[in-house]
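Asker: Sequence:
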Amino acid sequence: MKKNLSSRDIFKILHRNKNLLTKYRVRKIGLFGSYGRNESSKKSDIDLLVDFEEKTFDNFIELAFKLEKVFNRKVDLLTEEGISPYILPYIKNEVQWYEA
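In our numbering, the protein residues as written are 1 to 100.
Treat the hints as calculated values from the structure; they're not laboratory data.
As the structure is a computational prediction, the values presented were derived from the model and not from experiment.
Be aware that one or more of the hints could be misleading.
[Unchecked claim] Computed list of lysine-lysine pairs in DSS-like fashion (alpha-carbon distance at most 25 Å, straight line):
{"#": "1", "residue 1": "Lys-74", "residue 2": "Lys-55"}
{"#": "2", "residue 1": "Lys-12", "residue 2": "Lys-74"}
{"#": "3", "residue 1": "Lys-28", "residue 2": "Lys-74"}
{"#": "4", "residue 1": "Lys-92", "residue 2": "Lys-18"}
{"#": "5", "residue 1": "Lys-66", "residue 2": "Lys-12"}
{"#": "6", "residue 1": "Lys-3", "residue 2": "Lys-18"}
{"#": "7", "residue 1": "Lys-18", "residue 2": "Lys-28"}
{"#": "8", "residue 1": "Lys-69", "residue 2": "Lys-12"}
{"#": "9", "residue 1": "Lys-92", "residue 2": "Lys-74"}
{"#": "10", "residue 1": "Lys-92", "residue 2": "Lys-55"}
{"#": "11", "residue 1": "Lys-18", "residue 2": "Lys-66"}
{"#": "12", "residue 1": "Lys-92", "residue 2": "Lys-28"}
{"#": "13", "residue 1": "Lys-74", "residue 2": "Lys-3"}
{"#": "14", "residue 1": "Lys-3", "residue 2": "Lys-55"}
{"#": "15", "residue 1": "Lys-23", "residue 2": "Lys-55"}
{"#": "16", "residue 1": "Lys-69", "residue 2": "Lys-42"}
{"#": "17", "residue 1": "Lys-23", "residue 2": "Lys-43"}
{"#": "18", "residue 1": "Lys-66", "residue 2": "Lys-3"}
{"#": "19", "residue 1": "Lys-18", "residue 2": "Lys-55"}
{"#": "20", "residue 1": "Lys-55", "residue 2": "Lys-69"}
{"#": "21", "residue 1": "Lys-23", "residue 2": "Lys-69"}
{"#": "22", "residue 1": "Lys-42", "residue 2": "Lys-74"}
{"#": "23", "residue 1": "Lys-23", "residue 2": "Lys-42"}
{"#": "24", "residue 1": "Lys-3", "residue 2": "Lys-42"}
{"#": "25", "residue 1": "Lys-69", "residue 2": "Lys-43"}
{"#": "26", "residue 1": "Lys-66", "residue 2": "Lys-42"}
{"#": "27", "residue 1": "Lys-43", "residue 2": "Lys-66"}
{"#": "28", "residue 1": "Lys-12", "residue 2": "Lys-92"}
{"#": "29", "residue 1": "Lys-18", "residue 2": "Lys-69"}
[To be verified] Distance windows between CB atoms, simulated:
{"#": "30", "residue 1": "Phe-65", "residue 2": "Lys-28", "range": "13 to 23 Å"}
{"#": "31", "residue 1": "Arg-37", "residue 2": "His-15", "range": "30 to 40 Å"}
{"#": "32", "residue 1": "Arg-16", "residue 2": "Ser-84", "range": "24 to 34 Å"}
{"#": "33", "residue 1": "Phe-65", "residue 2": "Ser-44", "range": "15 to 25 Å"}
Beta carbons are placed, not taken as given, at the ideal position from N, Cα and C, and that holds for glycine.
Based on the provided sequences and hints, a complete structural model is requested.
Answerer: Shown next as structure tokens:
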């Protein structure tokens with residue numbers, strides 16, 4: 001059974017796995033959505049907004065896969081370019097950044 005994580009737990013896990021962020025050339029990564037608001041349930045996915053130093057398909061896919069293993073749950077990894085311009089301002093307003 002999965003333990004429900006707080007946003008603080010997520011940032012601690014990101015910190016412990018900083019090597020992944022370095023490997024995949026992450027400039028910064030931010031938490032938003034239900035986990036960012038500490039309103040998640042055990043079924044919630046983790047919504048992360050990522051900014052890469054070097055944007056490649058492989059960096060994106062491999063990081064998403066590795067983060068799902070690290071967190072042991074579904075991760076929605078997004079870039080600003082992949083978000084509707086109508087929704088992006090709401091996400092930017094609530095995102096909590098972890099500087100890699």
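Asker: Each hint needs a verdict: does it hold in this structure or not?
Answerer: We went through each hint and held it up to the structure:
1. Simply put, Lys-74 and Lys-55 have alpha-carbon atoms about 22 Å apart, close enough for the 25 Å limit, and the pair holds.
2. For the hint pairing Lys-12 with Lys-74, the CA-to-CA distance comes to about 18 Å; that is within 25 Å, so the pair holds.
3. Between Lys-28 and Lys-74 the CA atoms are separated by roughly 20 Å; this keeps the pair inside 25 Å, and the hint holds.
4. With a C-alpha separation of about 22 Å, the suggested pairing of Lys-92 with Lys-18 holds against the 25 Å cut-off.
5. For the hint pairing Lys-66 with Lys-12, the CA-to-CA distance comes to about 16 Å; that is within 25 Å, so the pair holds.
6. Restraint check: the Cα-Cα separation between Lys-3 and Lys-18 comes to about 22 Å, which is no more than 25 Å; the hinted pair holds.
7. Between Lys-18 and Lys-28, the direct Cα distance comes to roughly 11 Å. Compliance with the 25 Å bound is thereby established for this hinted pair.
8. Of the supplied pair hints, the one linking Lys-69 and Lys-12 holds, its CA atoms being roughly 15 Å apart against a limit of 25 Å.
9. Pair hint Lys-92 plus Lys-74 holds up; C-alpha atoms about 21 Å apart against a cutoff of 25 Å.
10. Taken as a hint, the Lys-92 and Lys-55 pair is honoured in the structure, with Cα atoms around 20 Å apart against an allowance of 25 Å.
11. Restraint check: the Cα-Cα separation between Lys-18 and Lys-66 comes to about 12 Å, which is no more than 25 Å; the hinted pair holds.
12. Restraint check: the Cα-Cα separation between Lys-92 and Lys-28 comes to about 13 Å, which is no more than 25 Å; the hinted pair holds.
13. Using a Cα cut-off of 25 Å, the hinted pair Lys-74 and Lys-3 holds, with the two alpha carbons roughly 13 Å apart.
14. Distance restraint check for Lys-3 and Lys-55: the Cα-Cα separation of roughly 32 Å exceeds the 25 Å cut-off, and the hinted pair is therefore not satisfied.
15. The hinted pair formed by Lys-23 and Lys-55 meets the criterion: a straight-line CA distance of about 12 Å does not exceed 25 Å.
16. For the given pair, Lys-69 sits about 16 Å from Lys-42 by alpha-carbon distance, which is consistent with the 25 Å threshold.
17. Distance hint between Lys-23 and Lys-43 is unfulfilled; the C-alpha atoms sit about 29 Å from each other, more than 25 Å.
18. Restraint check: the Cα-Cα separation between Lys-66 and Lys-3 comes to about 19 Å, which is no more than 25 Å; the hinted pair holds.
19. Taking the CA atoms of Lys-18 and Lys-55, the gap is near 18 Å; set against the 25 Å cutoff, the hint holds.
20. For the hint linking Lys-55 to Lys-69, the alpha-carbon distance of about 21 Å falls within 25 Å, and the restraint holds.
21. Simply put, Lys-23 and Lys-69 have alpha-carbon atoms about 16 Å apart, close enough for the 25 Å limit, and the pair holds.
22. Restraint check for Lys-42 and Lys-74: the C-alpha separation of about 11 Å stays at or below 25 Å, so the hint holds.
23. A threshold of 25 Å between alpha carbons decides the hint, and for Lys-23 with Lys-42 the separation of about 29 Å lies outside it, so the pair is violated.
24. As the CA atoms of Lys-3 and Lys-42 are separated by approximately 7 Å, the hinted pair is consistent with the 25 Å bound.
25. For the hint linking Lys-69 to Lys-43, the alpha-carbon distance of about 16 Å falls within 25 Å, and the restraint holds.
26. The suggested pairing of Lys-66 with Lys-42 holds, with an alpha-carbon distance near 20 Å, which does not exceed 25 Å.
27. Taking the CA atoms of Lys-43 and Lys-66, the gap is near 19 Å; set against the 25 Å cutoff, the hint holds.
28. For a cut-off of 25 Å, the pair hint linking Lys-12 to Lys-92 stands: about 21 Å separates their Cα positions.
29. Between Lys-18 and Lys-69 the CA atoms are separated by roughly 14 Å; this keeps the pair inside 25 Å, and the hint holds.
30. Here the CB-CB span from Phe-65 to Lys-28 is close to 20 Å, well matched to the stated 13 to 23 Å.
31. Checking the proposed 30 to 40 Å range against Arg-37 and His-15 shows it is violated: the Cβ atoms sit about 20 Å from each other.
32. Evaluation of the 24 to 34 Å hint for Arg-16 and Ser-84 yields a pass: the beta carbon distance comes to about 33 Å.
33. Between Phe-65 and Ser-44 the CB atoms are about 19 Å apart, so this pair conforms to the stated range of 15 to 25 Å.
Checked against the numbered hints given earlier, this structure breaks hints 14, 17, 23, 31; the rest are met.
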